[in-house]
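Enquirer: Sequence:
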Amino acid sequence: MKFTVEEFRAWPHKCVTLLGMSGVGKTYLSAMLRRQDWFHYSGDYRIGTRYLDEPILDLVKAHAMRDPFLRDLLRRDWISMRNNIKVTDLGPVMSFVGKLGNPERGGLGFEEFSRRQALYRQAEIAAMLDLPEFVRKAQDIYNYAHLVNDVGGSLCELDEPRVIDLLAKHSLILYIRVPEADEIKLIERAQADPKPLYYRPDFLREAVTDYLAEQGLDYVAEIEPDDFARWVFPRLFHSRVPRYEAIARPYGYTVSSEDVAQVRDERDFLQLVESAIAAQAVAA
Numbered sequence: 001m002k003f004t005v006e007e008f009r010a011w012p013h014k015c016v017t018l019l020g021m022s023g024v025g026k027t028y029l030s031a032m033l034r035r036q037d038w039f040h041y042s043g044d045y046r047i048g049t050r051y052l053d054e055p056i057l058d059l060v061k062a063h064a065m066r067d068p069f070l071r072d073l074l075r076r077d078w079i080s081m082r083n084n085i086k087v088t089d090l091g092p093v094m095s096f097v098g099k100l101g102n103p104e105r106g107g108l109g110f111e112e113f114s115r116r117q118a119l120y121r122q123a124e125i126a127a128m129l130d131l132p133e134f135v136r137k138a139q140d141i142y143n144y145a146h147l148v149n150d151v152g153g154s155l156c157e158l159d160e161p162r163v164i165d166l167l168a169k170h171s172l173i174l175y176i177r178v179p180e181a182d183e184i185k186l187i188e189r190a191q192a193d194p195k196p197l198y199y200r201p202d203f204l205r206e207a208v209t210d211y212l213a214e215q216g217l218d219y220v221a222e223i224e225p226d227d228f229a230r231w232v233f234p235r236l237f238h239s240r241v242p243r244y245e246a247i248a249r250p251y252g253y254t255v256s257s258e259d260v261a262q263v264r265d266e267r268d269f270l271q272l273v274e275s276a277i278a279a280q281a282v283a284a
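With full-length UniProt numbering applied, the sequence shown covers 1 to 284.
FYI, nobody ran anything at the bench for these hints, they're computed from the structure.
Among the hints, a few may not be true.
Said to hold, decoys possible - Here are the computed lysine to aspartate or glutamate pairs in the EDC-like style, where the Cα-Cα straight-line distance is at most 20 Å:
(1) Lys-185 - Glu-258
(2) Lys-185 - Asp-226
(3) Lys-195 - Glu-183
Claimed, not checked - Just the calculated beta-carbon pair ranges, DEER-fashion:
(4) Ala-213 - Leu-59: 14 to 22 Å
(5) Val-60 - Arg-35: 15 to 23 Å
(6) Glu-133 - Asn-84: 41 to 49 Å
All C-beta atoms in this analysis are idealised placements derived from N, C-alpha and C, irrespective of residue type, glycine included.
Start from the sequences and build out the full structure, keeping to the hints where you can.
Expert: Below, the structure is given as structure tokens:
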């Protein structure tokens, strides 16, 4: 959606999609708005509770079946399992995605890692296509006036135009850009605590080939999972920036992570969005 400042102010049921890398402030803004009566639609929460719920449980059960005691309980239906995913703790989703590398170090082989990556991609697409229904639910069931769509950093990697078209139709897309001076800080934070991430298939194949050559390794099974995650993150970050910008230019508005860090309440957030709308109008 495109607005003038006046149109945005008059929009009775605001829906804002936050776009950008993990660590730029999307979840910070979403949590703040949730406390001020906005419906927080978390893409990863929807993925974990709806679209990857069964695959996650299958993985847990497969591990449990290796234990004779638990295997007997499961086969007799004497115990049951369920995911306990929270908006503030998406651990089961991240554990399912996993990291590439040596199985003895908690890594996954290339084939299994790629299978899970594909499942995650389809789940993220489905979760984003659910947005209009959750806009309706937020208003009709839960009586929220506004909704913030907290999307994963991998949204720009999906290569699924209908997702962007739908988000642009039903929400204001706000891209949180990392200023060049802060890029190193964001990368260092990510490398200090490497997390499972989604990679486009072509990007992943090229990165693995380059990493193996650089490290003098022959097989993916020799990769130390966290080391690869640290090594690949800067490359991933820089590959995503033009993809975010290609979405924001025609469909949305851009703010900086520095400005996001100054937001303290709903009023600050709305002023931030209005400033982005006004700045784009001037630039045009």
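Enquirer: Compare the structure with each hint and give your call.
Expert: Against the structure, the hints come out as follows:
1. Lys-185 - Glu-258: Since the Cα atoms of Lys-185 and Glu-258 sit roughly 12 Å apart, the hinted pair holds (cutoff 20 Å).
2. Lys-185 - Asp-226: holds, 19 Å
3. Lys-195 - Glu-183: holds, 18 Å
4. Ala-213 - Leu-59: 14 to 22 Å: 31 Å Cβ-Cβ, so the 14 to 22 Å window is violated.
5. Val-60 - Arg-35: 15 to 23 Å: violated, 32 Å
6. Glu-133 - Asn-84: 41 to 49 Å: violated, 24 Å
Hints 4, 5, 6, counting from the list given before, are not met by this structure.
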